[in-house]
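Chain X is fixed; fit chain F onto it per the hints.
Note that the protein sequences, when read in sequence, are chains X and F.
Every number in our numbering is 311 more than the matching position in the first sequence, counting from 1.
Every number in our numbering is 14 more than the matching position in the second sequence, counting from 1.
The set of hints was computed from the structure by calculation and includes no laboratory data.
Ideal Cβ positions, reconstructed from N, Cα and C, are used throughout, including at glycine.
Keep in mind that the hints are not guaranteed to be accurate.
[As the list claims (entries may be wrong)] Just the calculated beta-carbon pair ranges, DEER-fashion:
no.: 1; chain 1: F; residue 1: 179; chain 2: X; residue 2: 361; range: 37 to 43 Å
no.: 2; chain 1: X; residue 1: 361; chain 2: F; residue 2: 248; range: 43 to 49 Å
no.: 3; chain 1: F; residue 1: 96; chain 2: X; residue 2: 318; range: 51 to 57 Å
no.: 4; chain 1: F; residue 1: 251; chain 2: X; residue 2: 529; range: 31 to 37 Å
no.: 5; chain 1: F; residue 1: 57; chain 2: X; residue 2: 444; range: 31 to 37 Å
no.: 6; chain 1: F; residue 1: 60; chain 2: X; residue 2: 529; range: 31 to 37 Å
no.: 7; chain 1: X; residue 1: 361; chain 2: F; residue 2: 86; range: 24 to 30 Å
no.: 8; chain 1: X; residue 1: 494; chain 2: F; residue 2: 179; range: 42 to 48 Å
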Amino acid sequence: MSIRIVKQGLLDTMQDAGRYGYQHWGINPGGAADNVSHTVANVLAGNNTTEAVIELHYPACAIQFEEDALVALSGANFSPVINGEPVPLNTPIIVNSSSILEFTKPGGHLACYLSINGGFKLDPWLGSYSTNTRAGAGGYKGRKLKAGDVLFFKKNQDFSPILKGNAFLPLGWKAAVPVMFPKRQSIRVSAGNEYDLLCGASKDILVHSAFTVTPDTDRMGCRLSGIPLQIDMHGSLVSAGVTAGTIQLLPSGQLIILAADHQATGGYPRIAHIISADRHLFGHLQPGEVIHFELTDIKEAERLFAQQHHYLQQLQNACTLRLENFFAEHALY
Amino acid sequence: MATPYPYKIFACGDHAVTIDFGNIINEGINDFILQLFNRAKQKSIYGIKDIIPAYSSITLVYDIMLVRSVSGDKSAYDFIKQAAEELLNDNEPQEYAANRIMKIPACYEDAFAPDLRQVAFEKKLSVEEIINIHTSKTYRVFMLGFLPGFAYMGIVDDSISIPRRPAPRINVTAGSIGIAGLQTGIYPLDSPGGWNIIATTPMRLFNAAKSPPVVLQAGDNVRFYAVTGKEFKQIKSAQ
Chain X
312 MSIRIVKQGL
322 LDTMQDAGRY
332 GYQHWGINPG
342 GAADNVSHTV
352 ANVLAGNNTT
362 EAVIELHYPA
372 CAIQFEEDAL
382 VALSGANFSP
392 VINGEPVPLN
402 TPIIVNSSSI
412 LEFTKPGGHL
422 ACYLSINGGF
432 KLDPWLGSYS
442 TNTRAGAGGY
452 KGRKLKAGDV
462 LFFKKNQDFS
472 PILKGNAFLP
482 LGWKAAVPVM
492 FPKRQSIRVS
502 AGNEYDLLCG
512 ASKDILVHSA
522 FTVTPDTDRM
532 GCRLSGIPLQ
542 IDMHGSLVSA
552 GVTAGTIQLL
562 PSGQLIILAA
572 DHQATGGYPR
582 IAHIISADRH
592 LFGHLQPGEV
602 IHFELTDIKE
612 AERLFAQQHH
622 YLQQLQNACT
632 LRLENFFAEH
642 ALY
Chain F
15 MATPYPYKIF
25 ACGDHAVTID
35 FGNIINEGIN
45 DFILQLFNRA
55 KQKSIYGIKD
65 IIPAYSSITL
75 VYDIMLVRSV
85 SGDKSAYDFI
95 KQAAEELLND
105 NEPQEYAANR
115 IMKIPACYED
125 AFAPDLRQVA
135 FEKKLSVEEI
145 INIHTSKTYR
155 VFMLGFLPGF
165 AYMGIVDDSI
175 SIPRRPAPRI
185 NVTAGSIGIA
195 GLQTGIYPLD
205 SPGGWNIIAT
215 TPMRLFNAAK
225 SPPVVLQAGD
235 NVRFYAVTGK
245 EFKQIKSAQ
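Only chain X is shown next, with the shape it has when bound in the complex (with noise of 0.2 Å):
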């Protein structure tokens, strides 16, 4: 009941839906950095959407199977294979014991999610899966994966009478992804603390004028390029709490967007916060990209990310559904 990672890869780490609960020891809640792209390949996986997945960067690990499995793959498109057969991505795969699963093309992306039906084992740190890099803790030994580990799963099942002897097969149904990563560049905000405090033409700017991604972006943050904003405050402002999602203006004028891996508190400027319902663009976001910003207030982002959370629901049941189907038509459990 085991993959083995026969090739290590940039940032491969084991992520859940994040650490709360601790950040008052200065203990940030990491998880995965697009939160839909991780429940998506949970749900297709038949998982509650706590479980831990791997989180992908590219180039990323290469996985061999050491027993069958039913696994999903969501989010980054880096174009994977199984035994060198390309594989869909937002479909559960049943895959054969042996099989060699690699990533080819950077799929512009920051993260793509591998599930797997019934989770994986692992020892929880403060209440997650979540492996938090710099603490040396949670996920797998604290650490991004490595050539030679060998991850255990919860579940074992034999799907050779399916398979027949085939490297995988994807199980026919397909979450619909697309309606929640638009093909609109603009990402939503709401207003920071200090978003009062920029100058006037600031404001405009931050609404109508493009920002681009730049290489510095990963895990703990991403900085923009853009024209530089403007401030009216003095000094410096004392350290707060900040969250994923926080926009903060640098003193360089540039815009700085907080990540999963975020420190708990910050001491620069709140400009604006993306919205719960599109903090997940955040991990399709790649660097030369342009981005732009489009206000709006906490009723409207509240009104949105519900929306989301049931949409995720419908196709959870969706999945389940389906799931429970190809297993009693299978006689498996």
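Frame of chain X, contents of chain F only:
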């Protein structure tokens, strides 16, 4: 009086609310924030998933859907904002644990203090004077942040106050004791950092395997005492 300090409540994005007492470092305000933190913990407000006390603010992070499931006609934000107001107006006397005094060994020898001589030069003081000033004061832990277990302490004596280094170091080793403005702090883990490092402690301030994993907590009082390089090694190996 329930709220002894003027405050402002605002949204920190669509899933967090901050109660802010101004851009100020003040022990009275920070005490009140820790009281609010304890009150909020005791009340365990439905849907709150994290509470971040800081120098002069406290941020309540919540799960939008959980809060909306109990907020009725109200938005999650309005519901949490009201809960924050209630926290502020809660008159129940608080059992407040006496602030602990934590003694932290610090080695100020050259090999452990890469910026000490430069700080002494800039502040026109001798190395010994800096050590005396740094070790003669009791510091309050105002908050934890930045890194797991990183304690922001103050208030540093004006005579040794110095801004962050112009360019941060790529790696500051765990245990490094730094000064930034009127703050002093200890890096619990290896990390990039911009504070001026004037000493190193052999004490391990973060250990993921322990409960709690952090040694210092907000509200603690900290005193540094100087140790030699030899004592540093002894303390370190005894842990």
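Outcome of the hint check:
Checked against the hint of 37 to 43 Å, the C-beta distance between residue 179 of chain F and residue 361 of chain X comes to roughly 41 Å, which is consistent with it. Between residue 361 of chain X and residue 248 of chain F the beta carbon distance is about 45 Å. The supplied range of 43 to 49 Å therefore holds. Evaluation of the 51 to 57 Å hint for residue 96 of chain F and residue 318 of chain X yields a pass: the beta carbon distance comes to about 53 Å. Range check, residue 251 of chain F to residue 529 of chain X: Cβ separation about 36 Å, and the 31 to 37 Å hint holds.
Under the hint 31 to 37 Å, the C-beta atoms of residue 57 of chain F and residue 444 of chain X, about 34 Å apart, fit the expected range. Between residue 60 of chain F and residue 529 of chain X the CB atoms are about 34 Å apart, so this pair conforms to the stated range of 31 to 37 Å. Between residue 361 of chain X and residue 86 of chain F the beta carbons are some 27 Å apart, a value that agrees with the proposed interval 24 to 30 Å. At roughly 44 Å, the beta carbons of residue 494 of chain X and residue 179 of chain F sit within the given window of 42 to 48 Å.
Of the numbered hints listed earlier, not one is contradicted by the structure.
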